[in-house]
Amino acid sequence: MTSLILSRTTTWDAPRTGPSTRRPLALLWLLPLLLLLGLFCLAPLGWVLWHAIWSPDGFTLSRFASILDSPFYRQAFGKSLWLSGCSSLAGLLIAGVGAAALTRVPGRWRDAVIAFTNMSSNMAGVPLAFAFIVILGTNGAITLMARQWWGIELFDLYSMNGLLLLYIYFQLPLALLLLYPAFDNLQPQWQEAAALLGASPWQILRHITLPVLAPALLGTFILLFANAMGAYASAYALTLGNINLLTIRIASLVSGDLFPDPELAAALCVLLLLILALICWGNQLLKGRFHYANR
Amino acid sequence: MPIARHWPKAVLGSLMGLLLLPIFATLVYSLSSHWGATILPDGFSLNWYLQLWAEPRFLAALGRSLLVCGGSLLLTYLVVVPAAFVIFYRYPQLDKPMGLLILLPFAMPPVVASVGLLSLYAGGALPLVGTPWILLGCYFSLALPLLYRALANRLSRLALHDLMAAAQLLGASAPKAFWLVILPSLRKSLFSALFLSFSFLMGEFVFANLLVGTRFETLQIYLYNMRATSGHYTSALVISYFLITLLLTWLASRFNR
Chain X
1 MTSLILSRTT TWDAPRTGPS TRRPLALLWL LPLLLLLGLF CLAPLGWVLW HAIWSPDGFT
61 LSRFASILDS PFYRQAFGKS LWLSGCSSLA GLLIAGVGAA ALTRVPGRWR DAVIAFTNMS
121 SNMAGVPLAF AFIVILGTNG AITLMARQWW GIELFDLYSM NGLLLLYIYF QLPLALLLLY
181 PAFDNLQPQW QEAAALLGAS PWQILRHITL PVLAPALLGT FILLFANAMG AYASAYALTL
241 GNINLLTIRI ASLVSGDLFP DPELAAALCV LLLLILALIC WGNQLLKGRF HYANR
Chain S
1 MPIARHWPKA VLGSLMGLLL LPIFATLVYS LSSHWGATIL PDGFSLNWYL QLWAEPRFLA
61 ALGRSLLVCG GSLLLTYLVV VPAAFVIFYR YPQLDKPMGL LILLPFAMPP VVASVGLLSL
121 YAGGALPLVG TPWILLGCYF SLALPLLYRA LANRLSRLAL HDLMAAAQLL GASAPKAFWL
181 VILPSLRKSL FSALFLSFSF LMGEFVFANL LVGTRFETLQ IYLYNMRATS GHYTSALVIS
241 YFLITLLLTW LASRFNR
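Line by line, the protein sequences give chains X and S. Heads up: the first sequence at position 169 corresponds to 169 in the UniProt record's numbering, and the numbers run straight through without jumps. Heads up: the second sequence at position 227 corresponds to 227 in the UniProt record's numbering, and the numbers run straight through without jumps.
Hints were generated in silico from the structure; no laboratory data involved. Wrong hints could be hidden among the right ones.
Simulated coverage check for chain S against chain X, where a stretch passes if three residues somewhere in it have a Cβ under 8 Å from a Cβ of chain X [said to hold, decoys possible]:
#1 6-12
#2 59-69
#3 115-123
Estimated spans, in silico, between C-beta atoms of each pair [to be verified]:
#4 L59/S x Q191/X: 53 to 61 Å
#5 T214/S x Q191/X: 53 to 61 Å
#6 E192/X x P97/S: 38 to 46 Å
#7 F24/S x G85/X: 24 to 32 Å
#8 M16/S x S200/X: 29 to 37 Å
#9 P127/S x V105/X: 52 to 60 Å
#10 H6/S x G38/X: 39 to 47 Å
#11 G288/X x W7/S: 53 to 61 Å
#12 H6/S x P260/X: 22 to 30 Å
#13 L240/X x L59/S: 24 to 32 Å
#14 W190/X x N256/S: 26 to 34 Å
#15 G288/X x L169/S: 48 to 56 Å
#16 T214/S x G282/X: 40 to 48 Å
Interface residues of chain S toward chain X, partial, derived using beta-carbon atoms under 8 Å [said to hold, decoys possible]:
#17 M16
#18 L100
#19 L101
Just so you know, even glycine gets a beta-carbon here, dropped at the ideal spot from N, CA and C.
Turn these sequences into a full structure, and let the hints guide you.
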C-alpha cells in the first residue's frame, strides 16, 4: 500500500500551454474533495493541535508537563519507541537480506515472491493477532509442540516480546516491497570493479553497497517506524488493550474509559506527531550527506 | 559452489515460509474438528465454515462492511476522478500541492484523527459519531491517496489535450469527450485502485472501533467481538476474510498488468 503511494515513477512534463485559467469554474470540481479532506482530516488535526495547548484560561503547557511527569505515560512512550525501533530494525535487516536474495533469483521466482509478499501484507490488524494466538497463544500449535517435543516453554505471546514478533511480521512485507527497487538498482559492475581492484567482500559492502543503499535503507526505516508508532489494531486485539503503548493510551482516553480526557489525548497525539516529525527531519538531514541520494 | 548458487532461494524460501506460517496454521485450525491439548488435530471437517456462513450475525456484519466500503469508494470515485482530471487538464500546476496534501491523511495515524473526530462530530451541526456516516468520510480520506496516485500516474502519461481536442473536433462536448475518451483510457488504473482500496478498507479497524463500535458492527468489529468464542470458529472467520481480500488483490493485480 505504502510503496504504491510513495513511488512516483513518472513526472509531469506535458505542455503547459493549455487553456489554463480561462474557466475558473472548473475549479468547482475540486471543492468537494477539499471539503471532505477538510472535514475529516484537516479539522481533526486542527482540533488536536489547538486543544493540546489551549484551555479555557488561555495558552497552557500544563498537559505536556503532566504527561512528562507521569511515569505511566513515560513508560508508554518508552514501550512504543522500543517496539517501533526494534521491529523496524529487525524488519529492515531481514527484508534487506531478502531483497538482496531477490535480485539473485530468476524472474519467475521474483514475480512469485512479490505476489506472495503482497498477499501476506493483507494479514494485519485483528486477523493477524488472531492467527498469532492460534499458533503461539497459550494453547497454540507451536506452543504445544515446543512443550511436548522439546519440553520448553515458549515466551508469553501477550507480552512485549510477543508483540515484537507480531510487529516484525507486519513490517516485513512492507520493508521488502520498499527495499527491493533500490537493491535492483545496484549495478553488479560496481562490485566487480571493486573486486578487481582488490577489495574484500567486507570492503565492498562497507564502501560501495551500503553507501549506495543508505538513502533507501533510511527512508524505509522511517516509514516502518512511523507505521509501528501509529499501529493500534493488532496490539489492541492481542492484549485487549492491556499493554501500555502510546496509541492504546490515546484511544483509551477518548473512548469508553472511566476518565475520558480528550485534551490530554490531544497532547499525547501532538507528542506522537512531534516524534514522527523529528524522525523525518533527521532522515532529511542524514540524506543530505549522500549527494547521490536524489539521482 | 552450491551454497553460493542456492542461498538466495533458501533465504526467500524460508522467508516466505515464515510469512505463510500463521496463515497456514489458521487454515489448518479452521479445518480441524477438534484441536485441544494434542499437537495434531483429531480430524478434519468443514463444520466451522458451514456454521460461520449460516450465522446471521456474521452475514449481517459482512453486508455492513461491503456496504460501507462500497459506499465510501463510490463517494471517493465521484469526487476524486473529476478533480484529478480537472487538475491535469486545466491546472497541472496544482498536481504538486495536491501530491503533498494527500500525504496528510496517509501520514496521520487513524488514532490521532479519531481524537479530533470524536470531539468535533459528537454533537452540534454534524452529529456523526456512532453512525456509519462518519466512516464514509474517514474511508474517503484513506482511499484518496491511493486513487489520486493511481490516476495521477496514468493522467500524466496521457496526451490529454490532444485527446480532448480530437474528440471535440469530432463534435463531442467536453463532458462527453471525458466520458467516452478519457474515462475508458483510465479503466485499468480505476479498477486496480478500486480493488486495492476495497481490500484495504475491509481490513480497517481503528476508525470503525473508536468512532462507531458495536452500534454498526462491521466485519472487523465482529471478528474482535468473537474473540472469546471457539478458536476454530474465529479461524474460519479469519480465513474467510483473508480469502475475500485475496480475491480483491488478485483482481487488482489483473487490472494492473
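According to a criterion of three or more residues whose C-beta lies within less than 8 Å of a C-beta of chain X, is the region 6-12 of chain S covered? holds (count 5)
Beta-carbon spacing of P127/S to V105/X - inside the hinted bounds 52 to 60 Å or not: holds, 56 Å
Could you see if the CB distance from M16/S to S200/X stays within 29 to 37 Å? The hint (29 to 37 Å, Cβ to Cβ) holds, given that M16/S and S200/X are roughly 32 Å apart.
Between T214/S and Q191/X, is the Cβ distance one that fits in 53 to 61 Å? Holds: the Cβ-Cβ distance is about 58 Å, inside 53 to 61 Å.
Hint validation: L100/S versus chain X, beta carbon distance must be below 8 Å. Holds or violated? Violated - the Cβ of L100/S stays beyond 8 Å from chain X, reaching only about 12 Å at its closest.
If I claimed the Cβ atoms of F24/S and G85/X lie 24 to 32 Å apart, would that claim hold in this structure? Given a distance of about 30 Å, which is inside 24 to 32 Å, the answer is holds.
Restraint: M16/S near chain X, CB-CB cut 8 Å. Satisfied or not? holds, 6 Å
Count the residues of the region 115-123 of chain S whose CB lies closer than 8 Å to any CB of chain X, then report whether that count reaches three. n = 6 at 8 Å, threshold three: holds.
Could you check the hint for me, namely that G288/X and W7/S are 53 to 61 Å apart, CB to CB? Violated, at about 35 Å.
Between the beta carbons of T214/S and G282/X, is the distance compatible with 40 to 48 Å? About 41 Å separates the Cβ atoms of T214/S and G282/X, which means 40 to 48 Å holds.
Is the hinted range of 22 to 30 Å satisfied by the C-beta distance from H6/S to P260/X? Given range 22 to 30 Å: violated, Cβ gap about 58 Å.
Hint validity - L101/S Cβ closer than 8 Å to any chain X Cβ: holds, 7 Å
Going down the numbered hints, you'll see the structure goes against 2, 10, 11, 12 and 18, while the others check out.
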